[in-house]
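In case you want the letters, here they are:
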Amino acid sequence: MYPRAFDYLVPRTREEALEVLAERGSEVKVLAGGQSLIPMMKLRFASPTTLVDINRLPGLDAIDAVNGHVRIQALVRHNDIIRSDVVRAENHLMTSTAPWVADPLVRNRGTVCGSVAHHDPEGDWASVMLALGAEVVAESRDGGTRVIPIEDFLVDMFTTALEPTELLTEIRVPRYERGGGNYQKLERKVGDYATVGVATHLELDEAGVITKAGIALTSVYVRNLKVTEAEALLVGRAPSAELFGEAAAIAAAACDPTSDIRGSAEYKRNIVRVFTERSLAESASIAQGS
Amino acid sequence: MTTTEHAPKTSPEVCGVGHSRRRVEDDRFIQGGGNYLDDIELSGMLHMAIVRSPLAHAEILSIDTSQAEAVDGVVAVVTGDLLAQYDLAWMPTLSGDTQAVLATDKVRFQGQEVAAVIATDPYVARDAAELVFVDYEPLPPIVNPQQGLAPDAPIIRTDKEGKTDNIAYTWESGDAQATEAAFARAARVVTLETHYPRSHPSPLETCGVIADVDPITSQATIYMTSQAPHAHRTVFALVAGLPEQNIRIISPDIGGGFGNKVPVYPGYVIATAASLVIGKPVKWIETRTGNLSSTGFARDYHMKGELALDADGRILGLRVDMTSDQGAFYADAQPTKFRAGLFHIVTGSYDYPAAHVSATGVYTNKAPGGVSYRCSFRVTEASYLIERLVQNAAYEIGMDPAEFRMLNFIRPDQFPYRSPTGFVYDSGDYETALRLAMDMVGYEDLRREQEEARREGRLMGIGIASFTEVVGAGPSKDYDILGLKMFDSAELRIHPTGKGILKLGVKTQGQGHETTFAQIVAEELGIPAADIKVVEGDTDNTPYGLGTYGSRSTPTAGAATSVVSRKLREKARKIAAHLLEASEEDLEWEVGKFFVRGSPESSVTIQDCVFAAYTNFPEGMEGGFEDVDYYDPPNMTFPFGSYIVVVDLDPDTGVWKVRRMIAVDDCGVRINPMIVEGQIHGGLTEGFAMSSMQWITYDEDGNCIGSNFMDYLIPTAWETPRFELGETVTPSPHHPIGAKGVGESATVGSPAAYVNAVIDALAHLGVRNIDMPLLPDRVWETIRSHSGAEGEG
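Protein sequences, first through last, are from chains A and B.
According to the numbering used here, the first sequence is numbered sequentially starting from 388.
According to the numbering used here, the second sequence is numbered sequentially starting from 8.
Bound conformation, chain B alone (with noise of 0.2 angstroms):
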């Protein structure tokens, strides 16, 4: 690990920013004594299973359910003419279109729900399923957005009144006119057709939810999956019609999300509607298959990126033009303003004037949901497009990919820099963490290793990416869902013996907030991290927020935790200047105490002050020792980093191994080194999964290839890479402590120097693309087909 040394300001056992401080909740973790969903069990618990779709679009012509209710312990069969009874039949979806709870006229994927079997026992409810008997007469499906743009293509969305096309949304950002002027000029355009594919967060714990509405009172327990547990109550009120003082969400521990647990899903609603008619508690657990084939998968952009280079080999400008699959509803989550997310950081690291972006979503036969695979609003799908182009734009005018990237980067003193489509960038040194990469990796030896490489019929190749991310949505005036601006929130309460508790909005899934917010609490007011609990998941007793995804918690609720506790320090101020007969002014704060200017002698402790709140406070003062902060950011955070993949390549096989990956990140301030390497290390192990072997695809008929994890890959510890980290530190200028956030830097900077090595091994080929995941296969096709060309770059 090579790092640019930042000492803590607190002693370890205090345990404020920058210590590794051991993950509190893995004490519970690996000793199988976490609380999941499915480890729930109330008295009377009903069970449900879904039946879905096995034809990707079709009318469905009848449902037949009297088998399955003849089934002994069978409750009730739920369709949704029996959800369209209670205006249940469709819900909003987090971009605002419609989605069906349970199909009635037609069936728009394989593996839509088609009706669901509550019975007294899940082998019963799974039985019964079998006996639900749907009559389909099956329509064309449409499987990629080509074909749905098609003039001829069959409406996949006739529920949509006077919809007479595919087109889910279309957007566009930047300046179009801009822009043309610059290719107008441009000495050179290289450009690059390349497709994400359809990846899955797939976390470990498939979705899940215990919906508990009480017959009497009315007060409806739902125990759920949800990286967003507030949003979820808003949006239960708004689609089930229940006042929201009666919606208490439950978000348990979490067996992993990265964004799959944003969105909300038909079974969640369905089994709050069954426990709601029933008047018993319903669980739902989502099967493995249910989870790959129906809830929010990620990227599939079919992408074209133009950039306009003069004679030396400056960027002048970038024009992409990105067709996005969305499935069959319009489901991403994200900020409601921006249609294709945050795609729009699409210009990445590089300093030029204009930049314009125009995207379609089209409608296809394919599960929707669209969700952000741990890369905050589709800046994975931007950084891989622009790190790729980047790359095959040295290859066009013959220079080195690092120093076209050197002469491009925006410089330091360019900070705040506002990008061509409207960011502002908070902080950013690029040329430093980039050049930090090629020490380690000893970039000039390997350049040297590959041309002798080549005169040997070697193949090996060198592939960077230099990504900017944007994170922390978001400032409320440009960012909500379904118009909740995305503040965050943090109430503190320390009690009389100083150990306290703090409560937030966010809903960690495995990210370690437990650990590390207690040490934000740390330093700001000196309170060991140990003595503070956090709580989280709970709508009854945490403070309203947006919840956990698109590296926002620190951004949003470490900012809050920061901001409390100084508040908190400041009451802590009056209180220690009346137990210290001085004034205000005459007090300095040292971590964990205040003193009185020139004596320090005289002091007393944050504990001290705390105990007072309660025992012996000033005349005029509230008692106790709490408060709470909403945080509205005033800008996103920018983090950014530099990551060198090294290749190996068989070309007899296509079989690349990757030999080096090393990964720079700057995050800005790092609250707990370790946790902030282990999110680096999935980030990366992610990344690389993408890159050569995830990937969901559908045949003609748009069944579903990837709906298990025989087909849908997941790296083990064997083929994944060893990974070499290193780091710089660029705080950012307007977070409390300068933190950024990191969730998702390595998902999103990773995969473009995985496939830019692989091309880079096949660059003298001519080979300028091979579309993700990068299998053996479509590498040795790749070759043979570029086998004699002359090399060109």
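So here's chain A without its partners, still in its complex pose (with noise of 0.2 angstroms):
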């Protein structure tokens, strides 16, 4: 791997990291699991002056549940969330994702809050966050703490409401009672970016009416897309195969993918259209078992 040069820094707790990112600002990248970051180094498509590993900070690789939501820490790699009880317990949606992500080398680094902070719109805990509702939590030394819901987060591809000075330090998830969810992904091969992917999440009440409804997808859009109008739909209706029909088409409908060597526009719709189909009905199955 041959980058331009850069200048390589190892702060040892978050208030010196803090310091780095205020001072250096935008010429600064902040290295986690670096799955994305460093090829992108090695192509020279991406050539920041100044790497800030995070990587031996302290108290930053929790995954817990506090507060009503399950909390992901900045350094929680992909097989961090496969190994933990705290989320198979509490989400299935991302315990169904997490098996999806890249191959096992890169998910043995790299971390879900850097997969989110660098919105690739074929990433997909972007999606995964977006159908669950998630907030963002960033920090700075001037401006303090700032949590930021996932949607006002995602701004555009590759671009986030994070300011250069801050660092994103963990993202929550709502918790639930009655709920269930998963990831559709189709891949030509592990490790590639999803060819289409479909995150869904439904939560029913008592009587078995929907009480709210994910749906986001991955890599048909110019950034990850959630449904909204397919969530409206859904929400305060009993799950059946016409209704989620009906979402599928709308979902179909909302996306606009791009023909390039994965697949032609129209096939990627079609994609989108079967998998949200078949999501939801997995989701209504899992939340009426639960």
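Hints are computed from structural coordinates only; laboratory data are not their basis.
For each residue, glycine too, the CB sits at the ideal point set by N, CA and C.
If you want a taste of the chain A side facing chain B, the calculated C-beta under 10 angstroms gives, among others:
no., residue
1, Arg391
2, Pro426
3, Leu430
4, Arg431
5, Arg575
6, Arg649
7, Ser651
8, Tyr654
9, Lys655
10, Asn657
11, Val661
12, Arg665
Derived coverage of chain B by chain A (criterion: at least 3 residues anywhere in the stretch with Cβ under 8 angstroms from a Cβ of chain A; other residues may be distant):
no., segment
13, 129 to 136
14, 781 to 787
Below 20 angstroms or equal to it, Euclidean Cα-Cα: the simulated EDC-like pairs (lysine to aspartate or glutamate) are:
no., chain 1, residue 1, chain 2, residue 2
15, A, Lys576, B, Asp657
16, A, Lys429, B, Asp45
17, A, Lys576, B, Glu726
18, B, Lys540, B, Asp260
19, A, Lys416, A, Glu550
Dock the two chains into a complex; use the hints.
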């Protein structure tokens, strides 16, 4: 690997890290798992002049259920999600997604928060967080702590609401009582980005009526796409094949995929429809059994 | 593993032919102790980075190297104009064309070498490479042969005086008239047009070189990733004008070749020229993108095949018209006489009197190189076409594809069989191999299941390929590369203590030569394989040979090893007679010893004989125990096999999954069954890759899509099917130990089996072709365009 020259800094405390960000700002890239950043530097597509390696910061690797949400801190790896009892007990969609992320090598190093902060529209986690209605927590030396709803956080392709001086410290996912979710992904091989990914999450009341619905799509729009119209259609209704078919048709109409080597736009739109329908049926079945 | 039992003749201690001896090279490979090119560091070594063209077709107006030269640590910036002063701006290709080492007049493909930076440090070299500014005037690019053949197409090879078209070669094989006659009396003609896409061998180790030209002695030591070090030495002598005795090519451990490391690349020549001028060693290690976008690709054949059938379903003749996309330079690695490699093996495993093949190679603005990616000179393309064609023929006449094959196979009693394009197949038993594969998979039950599935609206398919390969190039009468005859060699020397060294002209890249060739010596001399060191890849210390590719090492160097061992056994016989005070005629040989006929207690071991060759040899005999053999094979060998793939297909998404993959291979006698199985597993995986996901394509501007491992896909263990192997053994009658070579069988045979399985799942809809790779979107589009159609098959 032959990137351009850069400074490599390894702060030992969060304060020190925030200090560097405050001082160097836009020339800095934060290195957590590095699974997107390092390949981009290798190809010289990205050439930050400073890398701040946060891997040795203490107190940034928790996965726990506190204050009504599941907290995923900045150094939690994809494989930590797979191994986490908390996630398995608390969140079906995240449990379902983690094994689909990249390949085992990437999952050992890459982080959930890093994936969301990178905001590649082909990334899986941003869709998951949109479907779950998560919040992102950012900290800076001068601005303190901000809590940002995921929909506001994800601005555009490779662009988020995170300021150059801010560090994304954690993501908060709401807990639920009676719900279910799952991720459906079409990839050409393990480690490939999604040709199409569909995340769904449903919550039901005692009567089995949908009280909360999340649907978000990967790789079929300039950013990860939350299909609010389809979500609104589902809330207040009982799960049924017809209803899910309708929601899937809305999702297929809402996306705007491009034709590339992974498939034609028309094909991807078809997969969105098929997967949304399948995913909602699966989520409902999980929710009904929970 | 289903197998016909062949008990080894030697004990496990001796470990001759038939033993699954553990690979001796793996001790160092799995412990990180290999010595690959990039592991080599020489004192004072400089580093080279190549500047490549971002455009597919453009005139070079100017190259400004001043800013790059000003970078601290940069020693030189090399351009084509500089090389031209040494007459090195162009070099010959292995197909007798020329290729630009560094572009001077214009660039002809994206990724073409335009300049090179030599610096004290590899980072500096890359930083400075970004500061070489090239002013281009874009020209319209040609990205497929159809465009290249259009009447108003721009001429790519303006460097060739008088060139007025984009044709790289034309070639034909077989009997056109007899074939016309066969088609004239056909009851039915079945046609298939299909594209075998561009793929790339993509070895995990990219190409590289360290050129070390001593300014005082002019001795050029060139460490390079070479599958054919001796041939490369001769090419270097011819290209660079260096005296051949001053060139030593060292090919260290090679991290995969698959054909990619057969050609000579511009990077090798530039680094050597730079070392010659600067007087210091120069290292060049290719980037992944450089490897995928500029070095020897494979395939890119646009093929049309037609089968003439009689009313009973017998094949009367085959007609093939093929257009190959050569890229900017005609640089195929292949025997001189055959302009489209051995593509004329396309008649396959079937018996019919007439065939004709016509081929046209076209220059395009794409990377050159047409190497055989693990396929013995275009045999993969040929095998794919005929196996797809016979499967389709079966559908058209309403016969089961297995039955259709059985009806048309060459029968065992027809060998040696002269094919209509002139090959003489050495041996084969195609029906037995297919029957074994059908038994293993439970063919009849699967066909019944398929009928039921179709009634229920489920899609599953069964694909067969019964391939025949031609490998082991080759007999000197017909086979040469740049005039060099394709014999190969072995030099065997047994030391006084009975342990020895075997030196070969071929070069292993992972095939396990260090293990298997010692087993051949063990088989012939009874000296334990563990006592034989195998050395390859150093032209100063091995006999001349044409290298390892085209599954040729066992048919040529393996035969040479066998013959040289037998020569030495005859010397040992003379010594044994001397030691036992018996006449040679009274001596019997059994593994590892001679004994006097009738009195087995009176014996000497091979080790006794070897020791005596240094200490107590008969008067008039030369001392020592060594010999050499240059083996000119009397014929090619013809491995074959039958593969059956079962797939399940999701009509809503076009996604298909391999349920079973049965591979019955017959490569003649197996020297090391474990290594043979490993080779087959690798080839089946590559076949799966090409049929399901792997391709290098170009957009309309000539941008290469597939120049990194995010776009060019290598399957992992996760998606690779589980393989079930079977075996039949039909020895080659002309090879000393009956072996045929197996390195490429599975790559050659399996793509058609996978594709046929998917087509079979859709055959009742009238589907007859989907071009590789069979990505889900292509399958889905095909289902959609055929839905509602009446079944035809």
